[in-house]
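Protein chains: 2
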Amino acid sequence: MEAFDLDFLFHPQSIAIAGVRDASKFNAGLMFYKALSGFGYPGRIYPLNPNGGEVMGQKIYTSLKEVPGQVDYVISAVPSKSAPQLITDAAAKGVKALHFFTSGFGEIENANGKKLQEEILRIARQGGIRVVGPNCLGLYCPKGGLTFNPDVSKESGPVGMISQSGGNASHALAEGNSRGVRFSKVISMGNGADLNESDYLEYLTNDPDTKIITAYIEGIKNGPRFLKAVKNAAKIKPVIIFKVGGSEAGAEAAVSHTTAMAGSSHVWEGLLAQAGAIQVYSIEEMMDMVVAFLYMHPPEGKSSVIIGVGGGASVILADEFSNAGLSLPKFSKESRQKLISLYSSEAGRIFKNPVDINNFESPETFAETIQIIEAEERVHSLVVHIAFDHFGLVSEEDKDFMVGTYQSLILSLKNKIKKPTAVILHSFAGKKSRQMAFEIRDALTKEGFAVFLSIRSAAVALNRYVEHHRRLKPGFKA
Amino acid sequence: MEAFDLDFLFHPQSIAIAGVRDASKFNAGLMFYKALSGFGYPGRIYPLNPNGGEVMGQKIYTSLKEVPGQVDYVISAVPSKSAPQLITDAAAKGVKALHFFTSGFGEIENANGKKLQEEILRIARQGGIRVVGPNCLGLYCPKGGLTFNPDVSKESGPVGMISQSGGNASHALAEGNSRGVRFSKVISMGNGADLNESDYLEYLTNDPDTKIITAYIEGIKNGPRFLKAVKNAAKIKPVIIFKVGGSEAGAEAAVSHTTAMAGSSHVWEGLLAQAGAIQVYSIEEMMDMVVAFLYMHPPEGKSSVIIGVGGGASVILADEFSNAGLSLPKFSKESRQKLISLYSSEAGRIFKNPVDINNFESPETFAETIQIIEAEERVHSLVVHIAFDHFGLVSEEDKDFMVGTYQSLILSLKNKIKKPTAVILHSFAGKKSRQMAFEIRDALTKEGFAVFLSIRSAAVALNRYVEHHRRLKPGFKA
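The listed protein sequences correspond, in order, to chains U and D. The numbering used here puts the first residue of the first sequence at 11, with every later residue one more than the last. The numbering used here puts the first residue of the second sequence at 11, with every later residue one more than the last.
Quick caveat, the hints were computed from the structure, so don't treat them as lab data. Be careful, since some hints might not be right.
The list cannot tell twin chains apart, which means a pair is met if one copy fits it or any two copies do.
[Claimed, not checked] Here are the simulated lysine to any residue pairs, SDA-like style, with alpha carbons at most 25 Å apart:
id, residue 1, residue 2
1, Lys44, Lys442
2, Lys164, Ser405
3, Lys153, Ser405
4, Lys441, Gly155
Given these sequences and hints, build the entire structure.
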């Protein structure tokens, strides 16, 4: 199957934005204009409005016809009733693609919306124009200088995303960026009236800039085609899918949101799993999986050893890891003896798995502890955790120091640990704890550690990650 | 059954702290001393150390004998081997209760620990001393001026907590405080060698300052007694229990942590449910339940209506609420028509449940929208949500303004909505979004709104809350 090459969508030489008003009130056209200018889009941007005028010192053209040069790409922020005229003009101008931010088409109750959607599609096909949307935020692609969000990373990265919701595309970008994830392309596709989820998936499968594919899917236009596309994609890159609309109310909402027919969740779960997709159930879980793929090499099995401070945290960690499907092997008698003999006292410590080192004795002791537990044959991954609000007695100032010390300890493990390692920063409700947790998250992420922000999310992600590799490798150790 | 009155534990007239050193290194005795002084404990505090000296300008006594006045309560931060001498001295001094922060007793592998625990218990019983712990942080009680944490609220409130982990007690305090929750008593009970979970539960049941009981339980000493205590407590106040150690690894960790025999999770789940406890599976979920009890009156049924901004968020909300066990009834035809006619356009909005109002048109429109959906007969609770990172296009500065506007809209509902209402602030990974979310959380909490920080946690808590009241009321509407 040959995928349609959509590369031209992401690298237009010039863009016109229809519906730009230089007004103080909310004005989507102006916002696109500002977002693209601020993001450093390298080509020409032509603002359009029948009334003409100026925006930020630039002439507003009254129509596409009036624009002097070539226009590759049009963003529409005009009301839906003006859409047919706009696309007719675009066809005359030789525009290659038109993105309708405009909504009020197939997704609304009113039958006129559906008629209007058919009409613009008809004109687009006649004029050889591909349509993004309608009813969406459109495209983010740092290499092409495209964005629908003024405050996101300008760095390109290996993650592609297809989203049937602009809000979730924005959220995924924010969530990913905050965790060190950079994107090749984020596609907010809305109703997908012309280009749909299968088109984009086939494109990202062949896109050399995209190494990991993520998708937020409300409904699927052509089931067999999409499943085939997932299967083909999953053969060469991880495909992480958040399929929603499984509940009756969710399916109702999906239809009203983007015309998507959601279908039964159980059926889709089975089919997507069979096709090789990794399924997640929130945008946060999606980015957890991405973090695992980016920052951890695949564990060879399901056995983890956990180390950190706190007995209560250790019990919760043990339960959550077990519930998620992972196992925490017991140490050999020799390893336990070695561990106990490293420390001055057993009091307040637990030399089982999870290991509770309580107040660590020295960086050397910590390094030796890690060495002993990593050497255990049945251990496939390491988990280091910091439980911020568990430090009773310690004042916020002292906590700063203590937590900073643990951060250095974790950083000192870089290039020393060979087994896949996850870091969990958890329990940071206090204001200071929260600030510290995010500072440490950023510092560790920068050094290439896989960081998770709750015990449960780490356990779930790690298990999914291991399960994914188990499916790929028949000789996998359970 | 008459509960042993433990009130004296929480209101000692004087406290001695054994094991205070004025050193720069970690020193638990000194930390208790600082925590209690800083918290404003109103009685006398006597630091103890065989070497004497001074701490923060105060004399350190060499032993309990040397202390001039009466001592009601002793906190032990001495090594476990010195524990028998300390408790012998305490008995001679007429001390009523001794809290062993000291660990290294029944919870460690070494058999000497268990022997030592028996020995201190024997001396305590002979001397008429009640023991808190060993191996715990002890007591927090704002009315009595007691704390084990320097940076927590000095305000007393209606929530009592029993915790077999000091870390989790600390975390619950931080999590609760950050969400406007104030505590009557937090009991970190450790091994519970003398006073155990049943003693404390019976006490909190009769404590007039405690209106809601929460408990983090690793294992139970006397099952039938504890279940009876839960049953009695649940008759007069909500009892929220986080029972851990259900997994094999978790049970292992629990024994090493606080000697607790955890027992099978399925068995406990059934028994605790039968006894009337509300079960949760994390400290965050525990505080979610507390927030529901504090800030929402009980819904009369399982039907919610959800309103906010964002189509993708609406689909996720619908799925998560349905998955949690709640239902989202459809509006009557008339209500839908009324809603649609309120707004200038259907485009970008969803007038189903969840309602997506997109950019709201005016505060009056929002108020009328709420009025219409609240008037729906089959609606038992309202949910208002803000999806921070879903605002594509909007720059951080503009977002500040928009989100602030939504905050005012929600605040304006105060005293207007009659049906139980939950607010969900979600999807705030961006740094600015995060700051805003917590500012708004604080502002809304201050005005008595029940605020949750993720869609899933809100759905799970609301369903548990409704389920709890369903069990109490046979005539409940599903």
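Verification of the supplied hints:
When the C-alpha separation of Lys44 and Lys442 is checked against a cutoff of 25 Å, the pair qualifies only between copies, where the shortest distance is 19 Å, while the shortest distance within a copy is 35 Å. Within a single copy, Lys164 and Ser405 get their C-alpha atoms only as close as 39 Å, which misses the 25 Å cut-off; across copies the closest is 15 Å, which meets it. In this homomeric assembly, Lys153 and Ser405 come within 25 Å of each other (Cα to Cα) only across copies, at 21 Å, whereas the closest approach inside a single copy is 47 Å. Taking identical chains as interchangeable, the C-alpha atoms of Lys441 and Gly155 lie at most 25 Å apart only when they sit on different chains, with a minimum of 23 Å there against 37 Å within one chain.
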